[in-house]
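Given the coordinates of chain Y, assemble chains D and F onto it according to the supplied hints.
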Amino acid sequence: MAERKLQVALYWGAACGGCDVAVLDTDAFILDLAAVADIRFWPIAVDGKYADVEAMADGELDLALFNGAVRNSENRRLAELLRRKAKIFVALGTCAHMGGIPGLANGASREEIFKRAYLANPSLESGNIALPAVEHKVPAGTLDVPEFYRRVHKLDDIVPVDYYVPGCPPAPDQVKAVLLAVVQGNLPARGAVVGCSERAVCDDCDRRKDEKKVKRFYRPWQVIQDPERCLLEQGIICAGSVTRSGCGVRCPDSGMPCRGCYGPTANVRDQGAKLISAVASIVDSRDPQEIASILGEVPDIMGYAYRFGMPAATLQRTVGSL
Amino acid sequence: MEFEPVIVGFLCNWCSYTGADLAGTARIKHAPNLRTIRVMCSGRVDPTFVLKAFAAGADGVLVCGCHPGDCHYIEGNYKAMRRFELLKRMVAGYGIDERRLRLEWVSASEGERFARLVDEMTADLRRLGPCELAPTLVPWQSDLGTLAGEAAAAEREVTHG
Amino acid sequence: MSRTIQIDPITRLEGHGKITIFLDDQGAVEDCYFQIPELRGFERFVEGRPIEELPRIVTRICGVCPASHHMASAKAVDACFGGQVAPLAHKLRDMYYHAHYIHSHIAHFYALAAPDFVCGPGCDPAQRNILGVVAKVGLEIGGQVIASRSKAQRIQAILGGRTTHLVWCLPGGVSKGLTTDELAEIRPLVGELYDFTQFSLQLFRDVILGNPEYVELILNGPYTLDVHNMGLVDQNNAVNFYDGQVRVVDFEGREICRYSPAEYATHIAEHVEPWTYLKFPYLRQRGWQGFREGLDTSLYTATPLSRLNVADRMATPQAQAAREEMFSTLGGRPCRALLAAHWARLVEMVQNAEMLKRYCDDPEITGPEYRLIPDRITGEGVGIVEAMRGTLTHHYTCDQNGICTGANLIVGTTNNNAAIHMVTKKVASTMIRPGVEPDNGVLNLIEMAFRSFDPCFSCATHSLPGRMPLIVTLMQGGEVVRTFRRDPS
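Chains as they are written, first to last, in the numbering used here: chain Y, 1 to 322; chain D, 1 to 161; chain F, 1 to 489.
Just chain Y, with the same shape it has in the complex (with noise of 0.2 Å):
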């Protein structure tokens, strides 16, 4: 009798397909996931619909991975779905693990996103009042659209989750890797951050670090970095030191900085808290005056503290988004 095949669903909330892109860049690997699973739900390539989620029974699904933050209703209807009809729900990439990108309009107010898509750009149709509803009718029938949330919530906000593969995208090696441990049944204890190393960016970076003392910090763009030498250490703020490793360093070694995708090393609950104190320590002052001047050259200490995971920090959001 034939074994019974793995019954796997990938789906994608607030997202960009790049964690699902990631899936396919394991290359032939698919292949060998299709010999031992049937991949009933994956959207991107695969022509499963709601309805067909929706008749299976609950755990049926040996495997669901979510990427994607949770922005709107139909996100969060799908989480609940799937994490109902799943023995295992994993939240795979960033934005799943801890917002994500789309993390970032917790800064903002629906009400100003709304006024900056629909109410006031150079291209919009002169005079433009309307704007998208949950619910419009026309003479033919009722269309509906999903609610905005008025934030942007990480998927363990909306369900338990299982495993947490991080990355923006992850590494393909580590969707592979992962993806076997679960058609081996070889998986940690629940809660777990997989497909990752528990060192932190610095650890696994070729950069030549000396000593850190800044006087001076400069943006990507106003020098030329010497690609041998730690960025932080030549003033480029560089998030390496309070990121998880995994990724293969990609960044550093194109000769841009961390910007944190990987989310924090572990046990470390606010990654944009442990950003500003690194760069901080590295400041060679004493004097209040000069230090303030020196930080001074440092913008959007927001942006850079929580790129990926506002969602995730321990305030979530900002007074104006409220």
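Relax, there's no trap hidden among the hints.
Okay, derived cross-link-like pairs now, DSS-like style, lysine-lysine, Cα gap no bigger than 25 Å in a straight line:
#: 1; chain 1: Y; residue 1: Lys-212; chain 2: D; residue 2: Lys-88
#: 2; chain 1: Y; residue 1: Lys-209; chain 2: F; residue 2: Lys-176
#: 3; chain 1: Y; residue 1: Lys-49; chain 2: Y; residue 2: Lys-87
#: 4; chain 1: Y; residue 1: Lys-5; chain 2: F; residue 2: Lys-136
#: 5; chain 1: Y; residue 1: Lys-212; chain 2: F; residue 2: Lys-176
#: 6; chain 1: Y; residue 1: Lys-213; chain 2: D; residue 2: Lys-88
#: 7; chain 1: Y; residue 1: Lys-137; chain 2: Y; residue 2: Lys-115
#: 8; chain 1: Y; residue 1: Lys-49; chain 2: F; residue 2: Lys-136
#: 9; chain 1: Y; residue 1: Lys-215; chain 2: D; residue 2: Lys-88
To be clear, the hints were calculated from the coordinates, so they are not data collected in a lab.
Below, chains D and F alone, put in the same frame as chain Y:
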């Protein structure tokens, strides 16, 4: 009921906590709104503590250390000074009024100064009202309860193992 | 008895969407709506960020075409710095971009589109996907498809340091150049990719052109629209993906307008409807006329087919030959048969591969001056590239410290929103017969309408609306005097 602000204060053991203690032994009256947390050095104050205080419902956070040059650990208060420069911008970035977060140097003999500082901050916060951001964390008591429960469970696991 | 059919979610594309079909009492299509339910708000939340960070934030608009956003953003940012860019950087960026095109076009053609043709539109949905395609064409060919896409990704990783969510461009150039060792690694991959483009064209001839039903569907089916075409062209009116001027040509071949990036808002406007979060771009000077076809319509498409319709030629010889074959088979240019976009995609891949070879042979490509430090901030810029799925415009403003003060984006697929809506309705009205229950195959034929556009709705829905009833209460002396209400619908 009139609004009474909650201030969380991180006081360094060697100078400012002793200074606060002096206010007590000298019977100097001041507003009772400060909840004190003793740390060994102002340099121990991780920005996470401050953010957590706001997230747990503090209306204001006060960090006190030794005067520059007097730190028991030599460098600690300079570290606090540097860190605070970015922390205050982060708190402002959240939209929290800048008067809600203060870094002050209080020596062991400055009991009177400490008392006035607490009064002044309490008065400021009474005027400002509750913190602009509602709490996002469960109250500290239940947080501690969870940790105690986890510790007990860990112990049980060991004895059965 | 009237009914509503919902196709939810639409599948084999990037992004969220649903199709709502209203049937009348006879079971014929009364109306049909293509709705986009998603949005995230990029235009607002990039405000306040250092402008040089935008190219690495806006990549997260889309994980399939992140380099499109990265390049358009980089060009807009460059313009905010007075346009000072190291010339070698433009070559390197263009080189990367060609590899990026190949990855995306392979993914779309083989994984998203091919199942409809290789497995058949009415095939069992559980088989109608890339795995079903591999099962039909065999593991060897399936392996080649996967390996080819992997090679395109590999070229990008070597050249720019990353594939998805590139961080390479910054004001003045790019952050790393190409070493001779890296070039030696890339060169053989380029040759193999060129061969694969020829293989793909042959597969198209065999599987699609060799099937009279498919040819009939393409040429005489309901998948056509009388709307205009938009694409980027260089100074020779040849197809260019990275730079040039935007040209709009009507469906009979006449040029309607031509503009440089800075002028985009004079020519393009966006219309809003309450039943979708995605806006509808149209030709501003003709005004919004609703969802109509015809020579005087203000609607247009921006797809690989549109690009080939708009340009007078490809930029490279073998691609040009492929283009000529395509148009002569289809009955001339411009071509209104939207399914031909699948073919146009394969023609474009030939140009991508030929350009990659050209850059490999360019002695300057491994040069050291891929960056300069700009010396002024001019505060505003527009960058336009052709994303794989349409003309992509990024417009930024920033202050004197280079902090973003505003962003406006018109994204590839957004250009096609009206066309997709209209052709979906057209196909639904043709395929759904009164009294005949539409089966899965019919519903899939309806989905095939949008699939030819290779849509990217995460791209399209960067911006954010919300439920906004506006209530104003006028009070006097503590009493409510009047209440004004503006409802969203």
